[in-house]
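Between the sequences and the hints, there should be enough to build the whole structure, so can you do that?
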Amino acid sequence: MAAPQAQDFIKGWPHPDLISTPELREGLLESFKQGLEMTHETLNYGDKENGAYMLGHPKFRQGLAKFLEGQYDAPVDWKTLMSTGGGSMGTDLAFRVHGKAGDIVVCEEPTYFLAFTMARNQNMDLLGVPIEKDGMDLVALEKHLTGPQGSKIKFVYTVPVHHNPTGYTMSNEKRVKLVKLAQQYKFLIVADEAYQLLNFEPSGVKSLFYHDDAADPRVLAVGTFSKLIGPGVKVGWVHAHESLLKPLAGIGYIDSGNNPVIFSSMNLLHFLESGKCAKHIEYVSKELGIKCKLLCKKLREVGLEVDEAKGGYFVW
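Each residue of the sequence shown is one higher than the last, beginning at 1 in UniProt numbering.
Since the hints were derived computationally from the structure, they do not count as laboratory data. Incorrect hints may have been included.
[As the list claims (entries may be wrong)] Keeping only pairs whose Cα atoms sit at most 27 Å apart, straight-line, the calculated BS3-like set for lysine-lysine is:
1) LYS79 - LYS293
2) LYS310 - LYS286
3) LYS79 - LYS234
4) LYS206 - LYS66
5) LYS206 - LYS246
6) LYS310 - LYS291
7) LYS100 - LYS152
8) LYS310 - LYS297
9) LYS291 - LYS33
10) LYS286 - LYS11
11) LYS297 - LYS276
12) LYS79 - LYS143
13) LYS33 - LYS11
14) LYS298 - LYS276
15) LYS286 - LYS133
16) LYS11 - LYS298
17) LYS133 - LYS59
18) LYS11 - LYS234
19) LYS177 - LYS100
20) LYS246 - LYS286
21) LYS276 - LYS246
22) LYS286 - LYS234
23) LYS310 - LYS133
24) LYS154 - LYS246
25) LYS286 - LYS206
26) LYS66 - LYS310
27) LYS48 - LYS59
28) LYS59 - LYS279
29) LYS180 - LYS206
30) LYS154 - LYS186
31) LYS177 - LYS143
[To be verified] Label pairs and their calculated CB-CB ranges:
32) LYS33 - ASN172: 40 to 48 Å
33) ASP134 - LYS33: 43 to 51 Å
34) LEU299 - LEU43: 18 to 26 Å
35) ASN123 - LYS33: 44 to 52 Å
36) ALA214 - ALA52: 22 to 30 Å
37) GLU282 - ALA3: 27 to 35 Å
38) ASN123 - MET1: 49 to 57 Å
39) ASP8 - GLU282: 24 to 32 Å
40) LEU294 - GLY204: 22 to 30 Å
Note that the structure is a prediction, hence the values are computed from the model and not measured. Every residue gets a Cβ at the ideal spot worked out from N, C-alpha and C, and that includes glycine.
As structure tokens, this is what we get:
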């Protein structure tokens, strides 16, 4: 038996074993091959019938919608989806398009700290609120909203499921309340749902998109395959009602260069449609669940108090 090795628990990276299985390799190779056979569609800006693929290739958006319907057990309109270069691009687009210098972003304390850079890049300021075991402290949020800086609050950034780094999941009651606050105080919710599909047991919650109202939309739900397939994939999505979604394609580099993942997203289409992505997610979720239980067991053995996560990448 090999001697124990030091482990790095700082980075939220998958173990190499999770991204090097023969089944994953074979599934991706088959999908890439089918994607390459569609280069007449995937290597161009668009087509005569659909125009430019600013929000992503229509076939990928339709395939993604069907895949998400199976995962969410809820209907998904493909026209509410935009393909992105991973989750971070979705968050960055939301801040860039719908915010401006001087606006305030409220976030949980602690939270995914690299989201701060995206807000600050747009010269927006940050305010923190505590996180509780059932999600963001909405009493503290409402104090900010009714306080002297309330009129400047444009966004609430939240990781509402298997939170980074606490592992907590926002309750359904808080989800309903958060959207009501957003409608009352006119702010937008950027829901970083990178771990929505990565469950060790049923989470009991659906995407925050399903708590939104098409008549007064407030939610941009950000998803990604980076934590499901592998971080190098860099294909994700934004799920939002069209009045919030369509402006995301109007920024300069998309207006000029078109959607940046037309080719790479279409190379994943067969992987989604074949059911192999769903099977891989089941495998990854099972393996991470085993690792989570072992980690929590060892932490308890040395006297630490542990909140055992029900999904995602993090133990608090």
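Hint-by-hint comparison with the structure:
no.	hint	in the structure
1	LYS79 - LYS293	39 Å, violated
2	LYS310 - LYS286	11 Å, holds
3	LYS79 - LYS234	21 Å, holds
4	LYS206 - LYS66	16 Å, holds
5	LYS206 - LYS246	23 Å, holds
6	LYS310 - LYS291	12 Å, holds
7	LYS100 - LYS152	10 Å, holds
8	LYS310 - LYS297	14 Å, holds
9	LYS291 - LYS33	33 Å, violated
10	LYS286 - LYS11	20 Å, holds
11	LYS297 - LYS276	32 Å, violated
12	LYS79 - LYS143	36 Å, violated
13	LYS33 - LYS11	32 Å, violated
14	LYS298 - LYS276	33 Å, violated
15	LYS286 - LYS133	23 Å, holds
16	LYS11 - LYS298	19 Å, holds
17	LYS133 - LYS59	39 Å, violated
18	LYS11 - LYS234	17 Å, holds
19	LYS177 - LYS100	26 Å, holds
20	LYS246 - LYS286	37 Å, violated
21	LYS276 - LYS246	30 Å, violated
22	LYS286 - LYS234	23 Å, holds
23	LYS310 - LYS133	12 Å, holds
24	LYS154 - LYS246	19 Å, holds
25	LYS286 - LYS206	20 Å, holds
26	LYS66 - LYS310	25 Å, holds
27	LYS48 - LYS59	14 Å, holds
28	LYS59 - LYS279	22 Å, holds
29	LYS180 - LYS206	17 Å, holds
30	LYS154 - LYS186	7 Å, holds
31	LYS177 - LYS143	14 Å, holds
32	LYS33 - ASN172: 40 to 48 Å	42 Å, holds
33	ASP134 - LYS33: 43 to 51 Å	45 Å, holds
34	LEU299 - LEU43: 18 to 26 Å	50 Å, violated
35	ASN123 - LYS33: 44 to 52 Å	45 Å, holds
36	ALA214 - ALA52: 22 to 30 Å	25 Å, holds
37	GLU282 - ALA3: 27 to 35 Å	33 Å, holds
38	ASN123 - MET1: 49 to 57 Å	54 Å, holds
39	ASP8 - GLU282: 24 to 32 Å	26 Å, holds
40	LEU294 - GLY204: 22 to 30 Å	24 Å, holds
Against the hints set out earlier in the document, violations occur for numbers 1, 9, 11, 12, 13, 14, 17, 20, 21 and 34.
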